[in-house]
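Taking numbering that gives the first Met the number 0, the leading residue of the sequence shown gets 0, the next gets one more, and so forth.
Source of the hints: derived by calculation from the structure; they are not laboratory data. A few of these clues could be false.
Unchecked claim - The list that follows gives simulated cross-link-like pairs (lysine-lysine, DSS-like), each with its CA atoms no further than 27 Å apart:
#, residue 1, residue 2
1, K31, K18
2, K222, K183
3, K156, K18
4, K222, K156
5, K183, K156
6, K222, K243
7, K243, K183
Claimed, not checked - Cβ pair distances, simulated, as ranges:
#, residue 1, residue 2, range
8, W173, V54, 56 to 62 Å
9, E76, N1, 51 to 57 Å
10, K31, D230, 18 to 24 Å
11, R57, S23, 29 to 35 Å
Yeah, the Cβ is synthetic: ideal placement off N, Cα and C, and Gly gets one too.
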Amino acid sequence: MNRVTQNLLILLLGGALLKISVFSADFANYVKPGFRPLLIAAGAMLVALAVAALVFDRRRSTNAARQRELLRARAAEEAHLAQMVARDPIALAPVHSREHEHEHAGGHRVAWLLLIPLVVIFLVAPPALGSFAVRQDEQSSHVPPPTIVEARPTVLKNGRVNVLSMLEFANLAWDDPSGSLRGKTIRLTGFVVPSGRDDAWHLTRMRIGCCAADALTMQVVVKGAPVPETDSWVRVTGTWIPRKTGRTGAYTLPEMTASRVEPIAAPDEPYE
């Protein structure tokens with residue numbers, strides 16, 4: 000791979016970062032929304048470096064071409080003078096640029112790996128993590144909320160729909176000494192994952208600390224409503240089903256009875 004190809008790959012990689020962070024919200028399928036400025040800065044820097052390198056290489060090639068023309072002219076002049084004095088012309092060693100030799104002798108094969116993220120972004124465009132990722136990591140679905148509790152009180156009100164995040168609901172369902180969830184109407188949003196049971200399914204949301212690689216599965220068992228299409232996004236309104244007393248030790252998923260299930264479009268920010 001020569002320098003021009005390497006620089007073009009870097010240019011495409013920077014353009015891909017700008018495509019998913021400036022011209023769309025696809026970057027949210029990979030990292031948290033707060034990383035958007037960093038992605039834009041990285042994409043702009045890669046584009047600028049690639050353009051600068053291409054311009055530099057173009058000027059260097061032009062100068063090298065001029066140098067070769069001057070050497071040819073000098074060689075022709077030497078040959079003409081040699082004929083005039085009846086002696087052999089001075090042999091001039093061919094001139095090769097060290098950079099040119101280096102490009103062909105030690106091409107950076109590893110640079111072809113840059114094609115992988117380009118193909119993924121431009122051709123594959125994978126969606127946010129869904130039911131397949133949940134099934135591959137079933138153990139994470141049973142991590143108790145106390146390991147990810149945020150110190151932010153959640154106040155629920157009577158006579159209205161309380162919109163909660165999956166984390167807020169999980170925290171209250173796991174440890175709610177005041178019983179604030181009892182009898183309250185709540186609304187949760189997530190995607191659908193079958194539970195393997197006929198009378199229930201899982202409303203799921205992925206929570207990330209940095210990027211999709213550290214995603215943690217958060218699930219709620221939904222009862223009282225037919226299971227929607229797998230991986231479809233829904234908004235579920237209903238009430239919490241209190242945990243049965245006497246259950247200690249192993250963590251069990253919180254449950255709710257659905258009074259309304261609304262299909263919705265996948266959010267721009269799929270992770271909590």
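For each hint, the structure was consulted:
1. K31 <-> K18: holds (16 Å)
2. K222 <-> K183: holds (16 Å)
3. K156 <-> K18: Violated, because 43 Å separates the two Cα atoms, which is more than 27 Å.
4. K222 <-> K156: Roughly 23 Å separates the two Cα atoms, so the pair holds.
5. K183 <-> K156: Holds, because 7 Å separates the two Cα atoms, which is no more than 27 Å.
6. K222 <-> K243: Measuring from Cα to Cα gives roughly 16 Å; hence the hint holds.
7. K243 <-> K183: Distance of about 18 Å is within 27 Å: holds.
8. W173 <-> V54: 56 to 62 Å: Because 59 Å falls inside the window, the suggested range holds.
9. E76 <-> N1: 51 to 57 Å: Distance hint for E76, N1 is violated at roughly 33 Å.
10. K31 <-> D230: 18 to 24 Å: holds (21 Å)
11. R57 <-> S23: 29 to 35 Å: holds (32 Å)
Of the numbered hints listed earlier, those contradicted by the structure are 3 and 9.
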